[in-house]
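One letter stands for each residue in the lines below.
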Amino acid sequence: METIAVYWESRIKTYGFQRISDLALIEFSYALSDIKPLGKFFSKDDLKTLRPKFILSHVTNHEISFVFCLPLKENKGLRTSLEKILPPTSYRYIHPVSIIFFHGPHFGDRYGIADATFSTLSKAGIQILASGCSSASVFLVLAQHDIDKAEEALAETFEVAK
Amino acid sequence: MEKMKIGGLKQSLELCQFDLGGVHSTKEMTSKVSKLLLSKKINMEFLTQSTHRNKHHQLTFCISQDKFSAISEILKKKGFLPIGWEINSRGHVGIITIFPHQSAIKILGAVMVSWAAQSIPIYGITTSLSAISFVTNYQEIDKAIEVIQDLFQLPEDHAPLKPEIRYYQSDTVKGD
Chain A
1 METIAVYWES RIKTYGFQRI SDLALIEFSY ALSDIKPLGK FFSKDDLKTL RPKFILSHVT
61 NHEISFVFCL PLKENKGLRT SLEKILPPTS YRYIHPVSII FFHGPHFGDR YGIADATFST
121 LSKAGIQILA SGCSSASVFL VLAQHDIDKA EEALAETFEV AK
Chain B
1 MEKMKIGGLK QSLELCQFDL GGVHSTKEMT SKVSKLLLSK KINMEFLTQS THRNKHHQLT
61 FCISQDKFSA ISEILKKKGF LPIGWEINSR GHVGIITIFP HQSAIKILGA VMVSWAAQSI
121 PIYGITTSLS AISFVTNYQE IDKAIEVIQD LFQLPEDHAP LKPEIRYYQS DTVKGD
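Protein sequences appear in the order of chains A and B. For the first sequence, our numbering begins at 1 and goes up steadily by one. For the second sequence, our numbering begins at 1 and goes up steadily by one.
Simulated from the structure, these hints should not be mistaken for lab results. Here the structure is a predicted model, which means the values were calculated and not measured. Check before you lean on any hint, since a few could be wrong.
To be verified - Simulated DEER-style distance windows between Cβ atoms:
#1 P71(A) x K41(B): 36 to 42 Å
#2 K123(A) x Q139(B): 46 to 52 Å
#3 S72(B) x D22(A): 40 to 46 Å
#4 K40(A) x K40(B): 41 to 47 Å
#5 Y15(A) x I74(B): 29 to 35 Å
#6 D148(A) x V23(B): 27 to 33 Å
#7 S72(B) x T60(A): 14 to 20 Å
#8 Q149(B) x D22(A): 33 to 39 Å
Every residue gets a Cβ at the ideal spot worked out from N, C-alpha and C, and that includes glycine.
Work out the full structure: start from the sequences and follow the hints.
Right, dumping it as structure tokens:
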């Protein structure tokens, strides 16, 4: 079955922008052959208290790298556990960072959302530390001091549904 | 052992994946690629982007499999990518999205262990407020779903896993 949805938005609609502040961005990498022990480490009960607000992973032929955004107070626990149990090949920590995320009625079935987002932030001179978009949501990790400027710029591009 | 409960599970249609990486460029590759896809009216189903140590920039995106050749050709054209950037592309991937009730880390770990045991690859991961999405080989997507169904307990009234309707944004706007 195939359905063609026809609509036109002069400005892309979103349900609004939400933020999560006072986070740490933790980036760490492992050899791809470590994926199973790393999975076992993530499955441990000790980590179930961690509440990451955002996770992304990039995979190359030989390496898997993760970006976790955790509340500042939770980051130390993850770092200590990683170094004790399965030391990563690289580790980086940035703080404070904030996440701005949003979704909209046509996100997921229209083109142009990514361009509207990234072009807007690029024009505003804002560096994106990490981002993840899947199905109907856009997550952007920014330096905390950039968050107001980012929301202001995005609000000019997108129409916030009332 | 009691299975961990999850709120839902869904899979994508067949997609292709592009991984672009290189040292940080002022040319803003994410913006350049998203502009290219906009000009071709292509929807990105998945995107992850981050700047790693040593200013290494990594961008991964998935689009419909039927756009693979056209976009591959443009990205590989001389001059599209900044000097030093590399591109890896693969066709026939799919996304499995899990909607967790509990710890996202625990679910992530359980999927990594179980898929590794079955040699099911992971090509990318991202999360949102209520979901974790995994990119994997489309030819193994049924097996990957089976493994997840063995690991987790889905709600009884769960919606179909495979999309039943495909939406397009049309170029034609009809008046009343």
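Results for each hint:
1. P71(A) x K41(B): 36 to 42 Å: 40 Å, holds
2. K123(A) x Q139(B): 46 to 52 Å: 41 Å, violated
3. S72(B) x D22(A): 40 to 46 Å: The hinted range 40 to 46 Å holds for S72(B) and D22(A), with Cβ atoms some 42 Å apart.
4. K40(A) x K40(B): 41 to 47 Å: 42 Å, holds
5. Y15(A) x I74(B): 29 to 35 Å: 33 Å, holds
6. D148(A) x V23(B): 27 to 33 Å: 30 Å, holds
7. S72(B) x T60(A): 14 to 20 Å: 18 Å, holds
8. Q149(B) x D22(A): 33 to 39 Å: For D22(A) against Q149(B), whose Cβ atoms are near 38 Å apart, the range 33 to 39 Å holds.
When held up to the earlier numbered hints, the structure conflicts with hint 2 and nothing else.
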